[in-house]
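Asks: Now for the letters of each chain:
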Amino acid sequence: MNSAHLLKVDILEIAQKCVYCGYCSVCPTFKELNWESNHPRGILEQVKMYFNEKYTKDVSKSLFDAIFSCTMCKACENICIVDLPLLQVWEQIRQEAFRRGRWSSDLLSIYDKVKATHNIFGLPHNDRLDWAELCGINLSRRIKRKAPVAFFIGCQASYSGKMAGIAESMVKILRKARVNFTVLGDEEWCCGAPIFLGGGYTVGTSLAKHNYEELKKLGVKKIVSTCAGCYRSFKIVYPKILGDDWDIEVVHASELIDELVDKKKIKLLNTIDEKITYKDPCELVRHCGLSEAPRSIIKKFPNVRYEELPSNREEALCCGGGGLLKINNPKLVSEVNTKLVSEIEYTEADIVVSCCPLCVDTIQQGVKEKKLGIKVLDLVELVKMSMEVKK
Amino acid sequence: MTLKTRARSKFSRAFGNNFQDTLIIRLLYSRDIVALPSITKLVVSNIPDGVVLIKEIDDIVKVFQIANDEKIPVIPRLGGTSGFGGCLPYKKGVVIDLKGLKQEFLIDPGDLSVTVSSPYVFSDLQRSLNMQGFSLCSYPSSLYSGTIGGWFAQDGSGIGALKYGGSLDQVKEIEVVLPTGEIKNFSDEDKLSLFAGSQGTLGIITKLKLSVKFNTPLSYKACTYDSAKDLVVGLKSLNNLDIFSIWVMNPKQVALLNSTSDYALPERYLVIVSKEVNYKEEESEFYANFNQTIRENKGQILDDRYIKDIWKHRFRTFSLLKNTKTFLFGEAIIPIDKSDQYIKKIETFFNNQIQIEGTMISPEKLSLLYFVKEKDEISDIKTAMLFMKFYKIMKKVVKYKGHPYTTGLWFSGYYKHIYGNEQLLSYKAYKKSIDPKKICNPGKVISPRLKIFPLMKLKTALKLASEVIG
Ligand SMILES: Cc1cc2nc3c(=O)[nH]c(=O)nc-3n(C[C@H](O)[C@H](O)[C@H](O)COP(=O)(O)OP(=O)(O)OC[C@H]3O[C@@H](n4cnc5c(N)ncnc54)[C@H](O)[C@@H]3O)c2cc1C
Ligand code: SF4
Ligand code: SF4
Chain F
1 MNSAHLLKVD ILEIAQKCVY CGYCSVCPTF KELNWESNHP RGILEQVKMY FNEKYTKDVS
61 KSLFDAIFSC TMCKACENIC IVDLPLLQVW EQIRQEAFRR GRWSSDLLSI YDKVKATHNI
121 FGLPHNDRLD WAELCGINLS RRIKRKAPVA FFIGCQASYS GKMAGIAESM VKILRKARVN
181 FTVLGDEEWC CGAPIFLGGG YTVGTSLAKH NYEELKKLGV KKIVSTCAGC YRSFKIVYPK
241 ILGDDWDIEV VHASELIDEL VDKKKIKLLN TIDEKITYKD PCELVRHCGL SEAPRSIIKK
301 FPNVRYEELP SNREEALCCG GGGLLKINNP KLVSEVNTKL VSEIEYTEAD IVVSCCPLCV
361 DTIQQGVKEK KLGIKVLDLV ELVKMSMEVK K
Chain P
392 MTLKTRARSK FSRAFGNNFQ DTLIIRLLYS RDIVALPSIT KLVVSNIPDG VVLIKEIDDI
452 VKVFQIANDE KIPVIPRLGG TSGFGGCLPY KKGVVIDLKG LKQEFLIDPG DLSVTVSSPY
512 VFSDLQRSLN MQGFSLCSYP SSLYSGTIGG WFAQDGSGIG ALKYGGSLDQ VKEIEVVLPT
572 GEIKNFSDED KLSLFAGSQG TLGIITKLKL SVKFNTPLSY KACTYDSAKD LVVGLKSLNN
632 LDIFSIWVMN PKQVALLNST SDYALPERYL VIVSKEVNYK EEESEFYANF NQTIRENKGQ
692 ILDDRYIKDI WKHRFRTFSL LKNTKTFLFG EAIIPIDKSD QYIKKIETFF NNQIQIEGTM
752 ISPEKLSLLY FVKEKDEISD IKTAMLFMKF YKIMKKVVKY KGHPYTTGLW FSGYYKHIYG
812 NEQLLSYKAY KKSIDPKKIC NPGKVISPRL KIFPLMKLKT ALKLASEVIG
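These protein sequence lines are chains F and P, in that order.
To convert, note that position 277 of the first sequence is 277 in our numbering; the numbers rise steadily by one, no gaps.
To convert a position in the second sequence, counted from 1, into our numbering, add 391.
If you're looking for bench data, these hints aren't it; they were derived computationally from the structure.
One should not assume that every hint holds.
Unchecked claim - Heads up, simulated DSS-like pairs for lysine-lysine below, C-alpha to C-alpha not over 30 Å straight-line:
{"no.": "1", "chain 1": "P", "residue 1": "Lys-735", "chain 2": "F", "residue 2": "Lys-61"}
{"no.": "2", "chain 1": "F", "residue 1": "Lys-8", "chain 2": "P", "residue 2": "Lys-854"}
{"no.": "3", "chain 1": "F", "residue 1": "Lys-368", "chain 2": "P", "residue 2": "Lys-493"}
{"no.": "4", "chain 1": "P", "residue 1": "Lys-764", "chain 2": "F", "residue 2": "Lys-17"}
{"no.": "5", "chain 1": "F", "residue 1": "Lys-8", "chain 2": "P", "residue 2": "Lys-829"}
{"no.": "6", "chain 1": "F", "residue 1": "Lys-371", "chain 2": "P", "residue 2": "Lys-493"}
{"no.": "7", "chain 1": "P", "residue 1": "Lys-643", "chain 2": "P", "residue 2": "Lys-842"}
{"no.": "8", "chain 1": "P", "residue 1": "Lys-493", "chain 2": "F", "residue 2": "Lys-61"}
{"no.": "9", "chain 1": "P", "residue 1": "Lys-780", "chain 2": "F", "residue 2": "Lys-17"}
{"no.": "10", "chain 1": "P", "residue 1": "Lys-600", "chain 2": "F", "residue 2": "Lys-17"}
{"no.": "11", "chain 1": "P", "residue 1": "Lys-854", "chain 2": "P", "residue 2": "Lys-842"}
{"no.": "12", "chain 1": "P", "residue 1": "Lys-446", "chain 2": "P", "residue 2": "Lys-699"}
{"no.": "13", "chain 1": "P", "residue 1": "Lys-482", "chain 2": "F", "residue 2": "Lys-17"}
{"no.": "14", "chain 1": "P", "residue 1": "Lys-482", "chain 2": "F", "residue 2": "Lys-54"}
{"no.": "15", "chain 1": "F", "residue 1": "Lys-115", "chain 2": "F", "residue 2": "Lys-146"}
{"no.": "16", "chain 1": "F", "residue 1": "Lys-48", "chain 2": "P", "residue 2": "Lys-699"}
{"no.": "17", "chain 1": "F", "residue 1": "Lys-339", "chain 2": "P", "residue 2": "Lys-792"}
{"no.": "18", "chain 1": "P", "residue 1": "Lys-773", "chain 2": "P", "residue 2": "Lys-819"}
{"no.": "19", "chain 1": "P", "residue 1": "Lys-764", "chain 2": "F", "residue 2": "Lys-54"}
{"no.": "20", "chain 1": "P", "residue 1": "Lys-766", "chain 2": "P", "residue 2": "Lys-780"}
{"no.": "21", "chain 1": "P", "residue 1": "Lys-764", "chain 2": "P", "residue 2": "Lys-736"}
{"no.": "22", "chain 1": "F", "residue 1": "Lys-300", "chain 2": "F", "residue 2": "Lys-368"}
{"no.": "23", "chain 1": "P", "residue 1": "Lys-483", "chain 2": "P", "residue 2": "Lys-446"}
{"no.": "24", "chain 1": "F", "residue 1": "Lys-240", "chain 2": "P", "residue 2": "Lys-736"}
{"no.": "25", "chain 1": "P", "residue 1": "Lys-483", "chain 2": "P", "residue 2": "Lys-736"}
{"no.": "26", "chain 1": "F", "residue 1": "Lys-17", "chain 2": "P", "residue 2": "Lys-703"}
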């Protein structure tokens, strides 16, 4: 059954329950913009005005502007003193903006691309595995083959040349561990994350159904993802929109790798000489509560030198790249990112690892802007480095 | 747009997009933690004419220039977490939002002090200090939203104040932009005392130097008392144990905490004590002394299992307002000797349907926060009536030699009760010298005249109304 309606909440009712304590001022974009209209509590105030005919017309522009300055990092919901489901409210406001024709042309173009081509880049289905060719990997015996495990590559790693190393590393890890896995090839459709973030559950559901059916055709019991966004979609959103039908176990690459290392299916042999720090992706830690598996792997690198970021786990700073903000306001992304990069600098780490292609991309940009010599890698890339025998 | 064209264009020219006066922005800046019932509009013009987002100190100087020329009130605002109306306009004007002021953080380990800009939120400040092995000495329980500047401007107090004192005891020096536009630094006790609790009526605080301490771990214990009277005996007896903080709840508050969490605390007067301990032996000694003191002074020691992780709750009092659409609160400071009588008074006044939480802010004084909550939104009239009820009980605190937590707007006129007559006179003289046009946050600290009936002051009107309606 389609239970998308379960995701709907009464946003006015929620806004009325805000006690205005201001704790949600931890919001990373509010911290840059500073106007009360961008404060999560201020957004709720505007929701109340939106439902008051006297103000609806005046408030809609500022409400919709504010909601598209949000990275969906969930810091506000996490700290909310009265446990308001703020992310659902934000999604619904975005949806309302869509209904009112208030999405920006850039946003609409992403939406249209995903709808038409099933990926955020608007590229053909056939190009989905070009990265493999680029990395010299032959996947022909894996594509759409029946297997208990599916590696869901995700749009970023599939189409963005910069991120191809993530998919390559994961495939090498899975092969080394002799995991019987499959990939969906040109039948892999966007998981729906960018659409869900816009509150677009109708289109999102059609993407989810397609992926689900393809996975079922191949007898997949477990799906593994290297992307925090895809992982969140499968873990949190699919069960809600597909209901009980969704019976596939969802694991993040870090969880699977940690298990593989423990079972000695792969060995982390090479020391990583550089000092490492780890950035928790918002979608992993705050949305899905996953924080320990990546740390557990890092600690298994021989003689590792590791330091936590000052803001870590639930309190991790947002990189600014989420919630479609890169499309809506790239300047704001860079401002938000600056705080994170300063924390990374503070640790004096040589390598910052994350588990999300969007974080990796955004931090890389921030590190480059500041001309720092810090390497930014996805955890699977680091695992591959430690696993491979040094030439 | 409500500013006169000339004034408006001056602000627009000076601040560009950092000046806004759309209806929505003006409404967003017309409240603090308390949403005002519309009936209050009869006495308070709390919707500003515009808002300036301050980015640098020079912006404040420019605001004062325009405001002096055009005689426009300037209302400073930081976290907006106060419930006393201090950051709300009384007769319109321009709100200056200082949250965007450039953040500075300069620690001086030798002097055990840190110099920070006023918009620093406590949790960020504490984190920055902890990263270097230091800690704030005392801080409010609005850790995640209150700012150091707003706290000092309200003469705030809080956790750790029992050992280290409140904001005035922490702050060693301030940088201020006076309404004249001069930028001044003050470190003498007299001026610091005037600025603490001045609610932004004497100028805008931009930087503060405050004492810090080494980050020492805390250890916790708890006990209960059967009555408010026993509670007072107990609180006094704890004074000898060099305690960091004492936190108190009335039985109704304990019951609410139990019902909204996994705790099963005995529904009596609950006291949670924390103490800095450097090593194991010090902790054992504290436990022994605590147990003995409680036993000898009518208390019941609470097993540690009851209070597991309760310290985390110290910033989460408002979580008890979950699923609440209306709430009102009061906060008063009361000498410990009289506190049992005042607690009883409040409880009786609200038919025992009132939540009370307290913090010892010095060995002699207890700060009491009390609130009522309603599941649904209530009508404006009902809210106003409840508001008056709170006013009535708050005003009674004076009889017990206590005073409202701060003046702000609602308790303007109580400055004398808080600081004494001599300081009131100094305050008035200084205010006159630096703000002759009375543009700096009017309506606060000293009770203003009513716009609809200028013969009467706001304090008198509220007193009368609270007697009739409350
Ligand atoms: C959950 C919660 C718990 C709280 N616990 C405590 C507590 O334990 N102890 C305590 O003392 N308070 C407490 N408070 C009250 C309040 O949060 C604090 O006093 C807080 O520090 C005020 O800071 P603010 O930044 O929100 O100030 P605001 O509310 O923005 O302003 C407070 C006053 O200061 C003035 N002001 C603001 N900025 C400046 C400036 N730069 N220069 C001059 N004047 C200025 C304003 O005009 C206003 O009069 C609590 C509030 C909440 C919501
Ligand atoms: S999700 Fe993140 S960016 Fe969005 S309002 Fe909440 S804290 Fe701010
Ligand atoms: S933390 Fe929650 S209750 Fe507090 S102001 Fe933000 S949204 Fe409202």
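Asks: Holds or violated: Lys-8 (chain F) with Lys-829 (chain P), Cα cutoff 30 Å?
Replies: 50 Å, violated
Asks: Straight-line Cα separation of Lys-371 (chain F) and Lys-493 (chain P) no greater than 30 Å?
Replies: Judged against 30 Å, a Cα distance of about 23 Å means the pair holds.
Asks: Please verify whether Lys-483 (chain P) and Lys-446 (chain P) have alpha carbons no more than 30 Å apart.
Replies: 22 Å, holds
Asks: Holds or violated: are the alpha carbons of Lys-300 (chain F) and Lys-368 (chain F) at most 30 Å from each other?
Replies: Holds. Lys-300 (chain F) to Lys-368 (chain F) sits at ~29 Å (cutoff 30 Å).
Asks: Starting from Lys-764 (chain P), check that the Cα of Lys-54 (chain F) is at most 30 Å away, please.
Replies: 28 Å, holds
Asks: Going straight from one Cα to the other, do Lys-764 (chain P) and Lys-736 (chain P) come out at no more than 30 Å?
Replies: Holds, at about 19 Å.
Asks: Do the alpha carbons of Lys-115 (chain F) and Lys-146 (chain F) lie within 30 Å of each other, as the hint requires?
Replies: 27 Å, holds
Asks: Next pair to validate is Lys-17 (chain F) with Lys-703 (chain P); report whether the Cα-Cα distance is within 30 Å.
Replies: Holds, at roughly 23 Å.
Asks: Lys-854 (chain P) and Lys-842 (chain P): Cα distance at most 30 Å?
Replies: 17 Å, holds
Asks: Hinted pair, alpha-carbon criterion (30 Å max): Lys-240 (chain F), Lys-736 (chain P). Please report holds or violated.
Replies: Not OK: Lys-240 (chain F) and Lys-736 (chain P) at ~51 Å, beyond 30 Å, violated.
Asks: Holds or violated: are the alpha carbons of Lys-48 (chain F) and Lys-699 (chain P) at most 30 Å from each other?
Replies: 38 Å, violated
Asks: Holds or violated: Lys-446 (chain P) and Lys-699 (chain P), Cα atoms, limit 30 Å.
Replies: Measuring from Cα to Cα gives roughly 43 Å; hence the hint is violated.
The structure shown violates the earlier hints numbered 1, 2, 5, 7, 10, 12, 16, 17, 18, 24 and 25.
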